[in-house]
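Engineer: Below are the chains, spelled out letter by letter.
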Amino acid sequence: MAELDQRPFPPGDYPVVVVGSGPGGIQASYFLKSLGIEHAVISADPSPGGMFRRFPFFQRLLSWTKPYAPVARDDRFYEWYDWNSLLADEPGARAIMPTLMDGTSSFPSRPEMEANLAAFVERAGLAVRYDCSWEGTRRDGERFVLATPDGEYRCQAAIFAVGVAQPYLPDIPGFDLVAHYVDTRAAETYAGKRLFIVGKENSGFELATGLLQWAQRIVLASPRPAKLSVNTHSLLGVRARYVLPIEDQNLGGGVFLLNASIERIERAPSAGFRVVCIRSENGAELSVEADEVIAATGFTCPLRDLPDLGVAVFGRTGLPAMTNYYESATVPGIYFAGSIGQGVGGMKKYGLPANSGAVHGARYNARTMVRHLAATHFGVELPKAEVKPEALIDLLLAEATRAPELWNQKSYLARAFSLDTGTGIRDEGVVSLAQFVDEEGPAAVAIAVETDDLGDIHPAVYVRDTGRPAVETLLVSNPLHDFRSVENRAQLSSLLSGATAGAVR
Amino acid sequence: MAMTQQELVDMLSSLTLFADLTRPQLEQVAHKMTEESFPVGQRILRQGFTGTGFYVILDGEVAVKIDGEERARLAKGDFFGEMSILLGEPPVADIVTMRQLHVLHLGGPELEGFLRDHPQVMYRMLKAVALRLRNASRWRS
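Residue numbers (my numbering), protein chains in the order written: chain A, 2 to 506; chain L, 4 to 144.
Heads up, some of the hints might be wrong.
Some chain L residues near chain A, calculated using beta-carbon distances under 10 Å [what the hints assert, rightly or not]:
| no. | residue |
| --- | --- |
| 1 | 6 |
| 2 | 16 |
| 3 | 23 |
| 4 | 26 |
| 5 | 43 |
| 6 | 49 |
| 7 | 52 |
| 8 | 71 |
| 9 | 126 |
| 10 | 138 |
No wet-lab data here; the hints were simulated from the structure. Note that the coordinates shown come from a computational prediction; the quantities given were computed from them, not determined experimentally. Beta carbons: idealized from backbone N, C-alpha and C, even for Gly.
Using the sequences plus the hints, can you model the full thing?
Structural biologist: This is the structure in structure tokens:
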């Protein structure tokens, strides 16, 4: 007699189906559960963790979890110091990451991160049907049907948290001959090799840093110069922990950074490869011989047949076109969570992207997405607390000074309060800033944290009159990032004097 | 629309703004600028807001609106955002998506270096801005 399948969520009809058991999928599942939305979670993997089950290869994550912070770990404000724990209301499921780190670094190792995510699933009481891969999608009237080897899952709304995880190789001759980043072997197997890495973003520099002591020579090439995060004043660019290869190049130690496009890659007559490049500076051809070539050329979205269903995708990465609530712009009811959320650019002030591709941004995006989904598909709305007019300015400046959502997602998420004359001042929670400033709603105020082109971090206030576009006002910064100054209070008081007076019944 | 790196470079070569660039230069442009998508109804430039960027339309359509009044439409190959960056002032118009939009984006602080690196693009941009100015003068007279 066949063994009974003990896994949760057998095929069937569910209000919502979540696909994926990485941070995005399990965070979305947590918020659905907390709002009482019945759902199934299916995953092709045998355990939770998503990309953290394999990556990054070398060293550690790029996201910090600071064990010694100015606030207690059970405080919401600790989330700013802990970019790797998922969000939860229950104390036992909060701030798990720092409890699992060995104390040698504030950047967790990959196994520590994987353990953090597994612990979250367990402590938050989440369930996942593992080894159940989503293989296809179709419509049946108002419902979506997801095909798996176990059977069909039908749902009113589907959340795809499948990562930006499919290796991307450019359609340039010879890339079929070489390894992708995901195929990188153990470091010692590159001992004495001449290595050519295509790509000068973090994954390329991660490999160069990890293989620096092993390879005989490392060449990194891509058409434009490497950007450094310390210069962009954001997480955009190569992170500080990976700049050792740059110093090595500057000192002539055997690392070379080329600004060049790859024309073709071919096998060298003796052994290894010849990479033919065109230099960006002067258009001259340059051939480089290498024993190993690794394409650190990024990833695309494994969206399978969703485009056939009408889901519009864009660009080289094949990210879906989405609304500010991570819903497909072309197929309502299809949502996305996790790193796919980076396809929603938001305000992108001064060209600085949000951190939606990382856990510390995506976890908040999942919350705004699930709350929107719950309200629009299932009529589940969270109560909105009333705020006394005299408390509003303190609250706004306290949020700008400390709120992890605003600091993790600068110019992207904002704390909003509606100023309706009939209902008084109501806490609208954390919202998409682009949505707030573009939608015609009741009179409202929102505060965000922003960085300008000089790296100055300051609060920005957006005040919206009923039926009119929001008006931006930048507040004054502070060298210690405490924005609760007399000057800012006076500025806010002036901006809100009319609006809050109207909101007081 | 999803496209490979080579398809993107092919598309860039067909746009007037980049018509004078060699293939390696187009590859560089494709790496320097990021692809973005905006749903219908979203503002991309916002009148009076700081920190805007430079955009080149690859697909879709936008409306130029001043104080809510539509003044023009822009589509594939058109660009916007350069005026406020060059002048260091917030935009004087909203740019609103009318058809699902696929653009290339460059952060405002990077535009000057980008134009200095690619003077052919600067010349094409200057021509386009001169045309806009001439048409605006005709419209007013």
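Engineer: Which of the numbered hints are not met once you compare them with the structure shown?
Structural biologist: Hints 2, 3, 9, 10 are the ones this structure does not satisfy, whereas the remaining hints hold.
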